[in-house]
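Undergrad: Given these sequences and hints, build the entire structure.
Number of protein chains: 2
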Amino acid sequence: MTTGARRRMGVEERRDQLIAVALDLFSHRSPEDVSIDEIAEAAGISRPLVYHYFPGKQQLYEAALRRAAEELTARFVEPHEGPLGARLLRVMERFFDFVEVHGPGFSALMRGGPAVGSTRASAMIDGVRQAAYEQIVAHLGVPDPTPRLELVVRSWVSLAETTALLWLDRRSIPRTELERQLVHDFAALAAVSAAYDERMAQVVRHMLADEPADGMFADLVGRLMSLPAPVRCA
Amino acid sequence: MTTGARRRMGVEERRDQLIAVALDLFSHRSPEDVSIDEIAEAAGISRPLVYHYFPGKQQLYEAALRRAAEELTARFVEPHEGPLGARLLRVMERFFDFVEVHGPGFSALMRGGPAVGSTRASAMIDGVRQAAYEQIVAHLGVPDPTPRLELVVRSWVSLAETTALLWLDRRSIPRTELERQLVHDFAALAAVSAAYDERMAQVVRHMLADEPADGMFADLVGRLMSLPAPVRCA
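As you go down the protein sequences, you meet chains A and B in turn. Going by numbering that gives the first Met the number 0, the first sequence opens with residue 0, and the numbers climb by one from there. Going by numbering that gives the first Met the number 0, the second sequence opens with residue 0, and the numbers climb by one from there.
Since the hints were made in silico from the structure, they are not lab data. A couple of the hints might just be wrong.
As the list claims (entries may be wrong) - Reference excerpt, derived from the structure (chain A facing chain B, CB under 10 Å, subset only): (1) Leu24; (2) Ser26; (3) His27; (4) Leu71; (5) Thr72; (6) Val76; (7) Arg110; (8) Ser157; (9) Ala186.
Claimed, not checked - Which chain A residues face chain B? A few, computed with CB under 7 Å, are given here: (10) Pro146; (11) Leu150; (12) Leu158; (13) Thr162; (14) Leu165; (15) Leu167; (16) Ser171; (17) Thr175; (18) His183; (19) Asp184.
For every residue, glycine included, the Cβ atom is placed at its ideal position computed from N, Cα and C.
TA: Shown next as structure tokens:
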């Protein structure tokens with residue numbers, strides 16, 4: 000390991016540094032408002048040298064987005080142990096950690112716009128959504144998700160995104176409450192869906208099977224599942 | 000009123016026609032895949048004449064988007080009469096009518112992309128979301144929405160968007176079921192939120208006050224609201 004602070008960096012190392020510097024700047028201001036000059040200055044190199052490592056602003060932004068997407072995706076990984084509600088709550092805590100650290104960058108990215116609204120950026124965001132979807136389906140223990148299950152999970156992912164964006168804008172509700180509320184939202188949406196679809200009801204029963212009496216899901220979903228026929232409208 | 004079919008159109012009339020032609024083409028294929036040549040041909044005029052009315056493709060697309068946004072916003076308007084659940088269901092039916100008619104155009108727009116992902120397009124989409132939000136808040140009879148209410152309504156709007164996009168992609172669940180499910184989703188999310196916030200609970204009670212015993216909300220929300228203290232985690 001080299002320890003000299005001023006040594007010459009290799010190409011990959013320099014690219015990594017520029018990405019890290021860009022992400023740090025994007026965590027305080029929207030990518031649209033951050034120039035290559037600022038990134039160069041914060042990295043302690045010249046503007047032309049930045050263009051040596053990245054052909055343009057868009058490429059550096061996309062590399063930063065790819066790094067952030069990988070980091071967020073890694074946060075979705077949760078051991079398949081213990082009650083499902085507690086697992087989902089831990090993932091929500093890590094998701095909000097990410098959202099809090101990346102603030103303006105996350106917000107600009109999810110809302111699109113000139114600096115961040117490219118087709119490749121959209122594809123990377125969809126990749127993160129897909130990873131979230133697959134993680135949840137795996138935790139639910141469903142090898143072949145039904146259309147109804149897919150709908151519940153994917154629409155809940157968008158609900159979590161919107162909740163996080165509103166939290167960044169307003170900060171009017173503590174994030175710890177929103178993390179818990181999102182877990183309960185998932186349970187409520189799954190239970191509503193179960194009223195329409197017997198296979199979805201099986202999934203909800205499986206979700207509940209491992210829940211302790213004081214778990215995140217148990218009481219809420221249990222009561223919803225005991226709703227009588229009239230609410231289970233076809 | 001002029002009735003001649005081949006008469007010369009005025010500027011506004013021609014612009015209206017081009018917008019209508021573009022929206023019709025976008026209802027079958029993504030805007031990215033529709034050229035100005037095709038729009039000119041479908042309108043029965045030359046390509047240069049299209050550019051006489053719209054300086055570029057982007058301007059015509061944005062004019063078409065503005066028209067579609069106005070049309071969708073108009074569909075949110077619902078008389079303040081009768082049970083809230085039934086009102087919301089009628090709005091959902093009109094929303095899915097719109098989504099079904101505009102199919103690929105709606106899908107491309109909501110997912111962003113080079114042809115439709117401009118800042119102005121994003122602002123128009125946000126305008127439609129804001130109109131949906133304001134309509135719902137007005138129906139709930141809340142003059143000063145709390146942060147929690149704002150969160151529930153805005154995140155439910157994103158849930159409805161995601162549900163509609165998945166329906167367009169898959170068509171695996173009948174839209175009539177999804178329209179009803181979305182109304183129940185709203186009730187479930189409001190009820191979950193009420194467990195965290197006494198003012199939100201008041202809103203839910205108001206929602207329920209006008210509901211008939213067999214209404215969309217009554218049973219589902221009523222049972223959720225009767226959940227005992229342990230679920231109402233702070």
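Undergrad: Would you mind marking each hint as holding or not holding in the structure?
TA: Going down the list of hints, with the structure as the test:
no., hint, result
1, Leu24, "violated, 21 Å"
2, Ser26, "violated, 22 Å"
3, His27, "violated, 21 Å"
4, Leu71, "violated, 18 Å"
5, Thr72, "violated, 19 Å"
6, Val76, "violated, 23 Å"
7, Arg110, "holds, 7 Å"
8, Ser157, "holds, 4 Å"
9, Ala186, "holds, 8 Å"
10, Pro146, "holds, 4 Å"
11, Leu150, "holds, 6 Å"
12, Leu158, "holds, 5 Å"
13, Thr162, "holds, 5 Å"
14, Leu165, "holds, 6 Å"
15, Leu167, "violated, 12 Å"
16, Ser171, "holds, 4 Å"
17, Thr175, "violated, 10 Å"
18, His183, "holds, 5 Å"
19, Asp184, "holds, 6 Å"
The structure fails to meet hints 1, 2, 3, 4, 5, 6, 15, 17 from the earlier list, while all remaining hints are met.
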